[in-house]
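Engineer: In order, the protein sequences belong to chains A and B.
Sequential numbering of the first sequence, starting at 1, is according to the numbering used here.
Sequential numbering of the second sequence, starting at 1, is according to the numbering used here.
What the hints contain is simulated information worked out from the structure, not anything from laboratory work.
Idealized CB from N, CA, C, for every residue including glycine.
Take these hints with a grain of salt, some might be off.
[Stated by the list, open to error] Cβ-to-Cβ under 8 Å is the rule here; a few derived chain B residues that face chain A:
| hint | residue |
| --- | --- |
| 1 | Ser39 |
| 2 | Arg40 |
| 3 | Gly44 |
| 4 | Ala53 |
| 5 | Thr112 |
| 6 | Ile123 |
| 7 | Leu124 |
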Amino acid sequence: MKANNRTRRVPWRTVRSVLATQAANLPAPSPAAPFWAEFHVRRARGETVASAPGNRPRLRLATPVLQWTPLAAAAAALALAVGGWFAWPALNAHRGVIRSYEVAVPHRAVLILDNPSTQVSILWVEGMDAPANGGSES
Amino acid sequence: MKRILLPGLLLLGLLSGLAPTAAEARGDGTLSVRLVRASRHTAGTDPALQDVANALGASFAFQGYQRVAQAAQPLPADDRPLRLGPYTVRCRGGRQSLEIRVEQGRQRLLNTTARLTGARPLILGGFPAGNGDIFVLVFVAR
Numbered sequence: 001m002k003a004n005n006r007t008r009r010v011p012w013r014t015v016r017s018v019l020a021t022q023a024a025n026l027p028a029p030s031p032a033a034p035f036w037a038e039f040h041v042r043r044a045r046g047e048t049v050a051s052a053p054g055n056r057p058r059l060r061l062a063t064p065v066l067q068w069t070p071l072a073a074a075a076a077a078l079a080l081a082v083g084g085w086f087a088w089p090a091l092n093a094h095r096g097v098i099r100s101y102e103v104a105v106p107h108r109a110v111l112i113l114d115n116p117s118t119q120v121s122i123l124w125v126e127g128m129d130a131p132a133n134g135g136s137e138s
Numbered sequence: 001m002k003r004i005l006l007p008g009l010l011l012l013g014l015l016s017g018l019a020p021t022a023a024e025a026r027g028d029g030t031l032s033v034r035l036v037r038a039s040r041h042t043a044g045t046d047p048a049l050q051d052v053a054n055a056l057g058a059s060f061a062f063q064g065y066q067r068v069a070q071a072a073q074p075l076p077a078d079d080r081p082l083r084l085g086p087y088t089v090r091c092r093g094g095r096q097s098l099e100i101r102v103e104q105g106r107q108r109l110l111n112t113t114a115r116l117t118g119a120r121p122l123i124l125g126g127f128p129a130g131n132g133d134i135f136v137l138v139f140v141a142r
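Here chain B stands alone, though its shape is the one from the complex (with noise of 0.2 Å):
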């Protein structure tokens, strides 16, 4: 018995590290959806944003991010559209394979399809917010 319990134990241990955790294997769970704006000129970090302000000021170099719009949707998501300010986001599918639409009125402006994978954030960025300013919408699966 003891010559099987060590490396049954290592191999649990290596097959659950590398298994997908509960929630992403169902595939279920929230999807958060905030609209940023960072600024070039306002300082500041929006205290809304506390969970991503680290990989925000690691990634970028904008002096303040400020949250404008927020929306979330259980996950699968069913393609309901989200306002966020001036954006729409459709969002459909799960966590493996996670379609995203975003339109600014009737034009269609990016289609992505991205894997969420835990908490990691999933930032779409790069819409002129005028001013020098830009939008950035962070999506986070919990």
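Excised from the complex, chain A in its bound form (with noise of 0.2 Å):
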């Protein structure tokens, strides 16, 4: 007996049809169907608020990371503040006491002290060619 090996030829139209027939013929995929199923059912009943909180999951990686997050804080802070202590007079040495200053007499030098240990600051003009006087009490 001899094998039909024919193929029977489809035209395009007709697969195109039939394939159109089947999809049309599918339900809609509808992922949410349970929850919209389980929320018509709730709605029915009235809830407003979930039925059971239940024992909330807790993050086991996260836990102990929030514990130790007021410590960092604190460490931080206190960081800061060592750090701030310690660079405030840096920050500010551009910042001297003396801001500008013009002598309008002839003179040597000037000479500026910003002396932290006794605390005063110093605009001394060396050398000043001013007039002598012994001074009075006022």
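Fit the two chains together into the complex; they arrive one by one in their own frames, and the hints show the way.
Structural biologist: Structural data, given as structure tokens:
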């Protein structure tokens, strides 16, 4: 018996029509269907809150981190305070007490001293060419 | 609550340490100006200079310090002339930017702009007083 190896040729329009029919008969994908089904049931019951909170799942990895947060924040604040304490004079070094000066008489030199140990700021004009006065109590 | 208490206190302490004092922030207070004769020959420090004696002694090598004149005015200063011995001192502005002019008669000697922090003294010096002595002006804001 001779095998029938002939293949039936189907027009592409027929194929398209069959596929379109199959697609039309398939139900629309609805991954949220279970949720909405439960939602409608709960709404019918008049529930406005979640039924039972149960035990909130805790993240095992996050919990230790959150417990260390206050200590880390305290350490950061302490480091900031200590750093600021030491860096403050350097940060303000350019903001000296004496911001500007002008000596209107001949002189040899001008010295500006900011002595942090004695807590005093000095503007000293050396060799000022001004009349010497004995001064008097006022 | 406890979690934020300690960092909050530390942060508050930090901010309070860095922030200017209330008087500095308002720019008020009183500016005291003293004319001091720094002597190379006469030892001893005037009791009226007790609050700045350490600063003077640690900063200069004079034998003694005598107060010659003193004046005060409220801050912010209003450019009112202060007569201090042979000098006229005019101050204008507040603690953050105090403009100081020192004149002797009609002769202008020195102009400077300074920032006064707390009760830290500001000394303008080098005015010749004769006999090797020197006049210094001591500014203190309180």
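Engineer: Against this structure, judge whether each hint is valid.
Structural biologist: Here is what the structure says about each hint:
For Ser39 of chain B, the interface hint is violated, the least distance from its beta-carbon to any beta-carbon of chain A being 11 Å, above 8 Å. Contact between Arg40 of chain B and chain A, as hinted, is not supported at the beta carbon level, the nearest pair being about 14 Å apart and thus beyond 8 Å. Hint status for Gly44 of chain B relative to chain A: violated, with the closest Cβ pair at about 16 Å, above 8 Å. The interface hint given for Ala53 of chain B is broken, as the beta carbon of that residue sits about 11 Å from the closest beta carbon of chain A, more than 8 Å.
Proximity of Thr112 of chain B to chain A holds as hinted, the smallest CB-CB distance being about 4 Å (cut-off 8 Å). For Ile123 of chain B, the interface hint holds, the least distance from its beta-carbon to any beta-carbon of chain A being 5 Å, beneath 8 Å. A hinted interface residue such as Leu124 of chain B counts as satisfied when its beta carbon comes closer than 8 Å to some beta carbon of chain A; here the least separation is about 5 Å, so the hint holds.
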